[in-house]
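K.L.:
Spelled out, the chains give:
There are 2 protein chains.
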Amino acid sequence: MNRNILLTIEYDGTGFHGWQRQPGLRTAQGVLEEGLSRITGQQIQVDGTSRTDAGVHALGQRATFQGDFGIPTDRIPIAANHIMGGDIRITEAVDVPDGFHARFSSRGKKYRYVIWNSSEMPVFYRNYRYQVEKPLDIGRMRRAAEDIVGTHDFQCFQAAGGTPRETTVRTIYDLQLLEEVQGRQIALEISGDGFLYNMVRIITGTLVDIGLGKMPVDAAANAIQAGDRRLAGHTAPPQGLYLMEVYY
Amino acid sequence: MNRNILLTIEYDGTGFHGWQRQPGLRTAQGVLEEGLSRITGQQIQVDGTSRTDAGVHALGQRATFQGDFGIPTDRIPIAANHIMGGDIRITEAVDVPDGFHARFSSRGKKYRYVIWNSSEMPVFYRNYRYQVEKPLDIGRMRRAAEDIVGTHDFQCFQAAGGTPRETTVRTIYDLQLLEEVQGRQIALEISGDGFLYNMVRIITGTLVDIGLGKMPVDAAANAIQAGDRRLAGHTAPPQGLYLMEVYY
Numbered sequence: 001m002n003r004n005i006l007l008t009i010e011y012d013g014t015g016f017h018g019w020q021r022q023p024g025l026r027t028a029q030g031v032l033e034e035g036l037s038r039i040t041g042q043q044i045q046v047d048g049t050s051r052t053d054a055g056v057h058a059l060g061q062r063a064t065f066q067g068d069f070g071i072p073t074d075r076i077p078i079a080a081n082h083i084m085g086g087d088i089r090i091t092e093a094v095d096v097p098d099g100f101h102a103r104f105s106s107r108g109k110k111y112r113y114v115i116w117n118s119s120e121m122p123v124f125y126r127n128y129r130y131q132v133e134k135p136l137d138i139g140r141m142r143r144a145a146e147d148i149v150g151t152h153d154f155q156c157f158q159a160a161g162g163t164p165r166e167t168t169v170r171t172i173y174d175l176q177l178l179e180e181v182q183g184r185q186i187a188l189e190i191s192g193d194g195f196l197y198n199m200v201r202i203i204t205g206t207l208v209d210i211g212l213g214k215m216p217v218d219a220a221a222n223a224i225q226a227g228d229r230r231l232a233g234h235t236a237p238p239q240g241l242y243l244m245e246v247y248y
Numbered sequence: 001m002n003r004n005i006l007l008t009i010e011y012d013g014t015g016f017h018g019w020q021r022q023p024g025l026r027t028a029q030g031v032l033e034e035g036l037s038r039i040t041g042q043q044i045q046v047d048g049t050s051r052t053d054a055g056v057h058a059l060g061q062r063a064t065f066q067g068d069f070g071i072p073t074d075r076i077p078i079a080a081n082h083i084m085g086g087d088i089r090i091t092e093a094v095d096v097p098d099g100f101h102a103r104f105s106s107r108g109k110k111y112r113y114v115i116w117n118s119s120e121m122p123v124f125y126r127n128y129r130y131q132v133e134k135p136l137d138i139g140r141m142r143r144a145a146e147d148i149v150g151t152h153d154f155q156c157f158q159a160a161g162g163t164p165r166e167t168t169v170r171t172i173y174d175l176q177l178l179e180e181v182q183g184r185q186i187a188l189e190i191s192g193d194g195f196l197y198n199m200v201r202i203i204t205g206t207l208v209d210i211g212l213g214k215m216p217v218d219a220a221a222n223a224i225q226a227g228d229r230r231l232a233g234h235t236a237p238p239q240g241l242y243l244m245e246v247y248y
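Here the protein sequences line up with chains D and E, keeping their order. So in the working numbering, spot 110 of the first sequence is number 110, and the numbers just go up one at a time. So in the working numbering, spot 113 of the second sequence is number 113, and the numbers just go up one at a time.
Chain D on its own, in the form it takes in the complex:
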């Protein structure tokens, strides 16, 4: 009997060349497929929800795979985790109906981007935060964030090099800027029905440029209206970004 299984996966992106399988490089998809192939005795290919870049982390990545094998679904995490190494871990495996697909069946995703806003940063954060040394004006960032929420053509927040998409219209459900660690940390939490290539990192970079006063507070609105990448801000680095959750 062919089974269809949905996994929830957590990984530290530091040691991976991103999600997507690439010959000769250690990737999250590659390590996962190798682990699943070993425990099932079959050649497994997984479909992941989000093709995270090198250095980007995941707490709630999802992937589906199909096969006809003996291992009970609830034993898959412990068996695979045992052989995959410590920086990637399956946190849940469930049976899903035929045709359910980690990416195509998803209704949206939530990301978190963590900024460390201080001239001093603990060494332990170097792979897990984006350090912005000068003080950010979170009030300006929050005002600009309001212009991003909703349904817009977001081609201004899209990097070259991604998979071509039919449309660059997306809906951002929510975008919050949270002050944490006595104001030294600012976390951006963003959810939407879909994200273009590097979209969260470009939104973050634009909000940082606005928060530093390098760009006017309506820069995000202007960039969206003009549909022009050059009017948006810089691309924030990968290590501050976490894929938190996929909605079905």
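Everything labelled a hint here was simulated from the structure, so no lab data went into it.
Computed Cβ-Cβ distance ranges for the label pairs, DEER-style:
#: 1; chain 1: D; residue 1: Ser119; chain 2: E; residue 2: Ser105; range: 24 to 32 Å
#: 2; chain 1: E; residue 1: Arg103; chain 2: D; residue 2: His82; range: 36 to 44 Å
#: 3; chain 1: D; residue 1: Gln182; chain 2: E; residue 2: Gln182; range: 17 to 25 Å
#: 4; chain 1: E; residue 1: Val96; chain 2: D; residue 2: Asp218; range: 49 to 57 Å
Among chain E residues calculated to face chain D with C-beta under 10 Å, some are:
#: 5; residue: Tyr11
#: 6; residue: Asp12
#: 7; residue: His57
#: 8; residue: Leu59
#: 9; residue: Asp87
#: 10; residue: Ile88
#: 11; residue: Arg89
#: 12; residue: Glu120
#: 13; residue: Pro122
#: 14; residue: Val123
#: 15; residue: Phe124
#: 16; residue: Arg126
#: 17; residue: Asn127
#: 18; residue: Tyr128
Note that CB positions come from ideal geometry on N, CA and C, so glycine has one too.
Given the coordinates of chain D, assemble chain E onto it according to the supplied hints.
P.N.:
Relative to chain D, chain E alone:
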């Protein structure tokens, strides 16, 4: 004029073969000496307070070094941090009187050991916590900790292979067991006038064995009284250990 400078140093132990300089291996002392030699134009050797093992972290390591060079003391951190790489950082540099020595002048140290007590551990903690899957009885651990505080001959908590010492009598000023992260994390905070080789890790391992019920609650007291390493518990792994502070 010969200057004597005291540094405070923070490092992530994951990428180092411990503190102590070793030919051909990346160590914290080695990287620090190379950085200081480059910024001063002299061959610098530092004396560190604690020779932390591979994988052990430091938030408050201290080291002294001497030389006759031009760079102002308060510029040393920024200049050296710029070239040492992201996993080690000088957080402070101050001038100290002739004869002041990071190790010999110290009156004691404080360490923190972090245990993650759950069958599930985020991948991000693999190099920064000791995972103990079965539930620990913190009440038993706290009762045993009371037997460790004070002045005792601690040869039972000493691993072979350290520097020979004149005496194995030490004074533990304080030993607290803190419940954190809704009880999923237990942190041991210990301060004393000095610590034998692997002493904090063996004390932690003994308290874990007591907390799991593998050893009786008076096991630590018995081991101290007998002066016998075989009566103490296992050596907890390095990655949970942090050198927090040195007292002068």
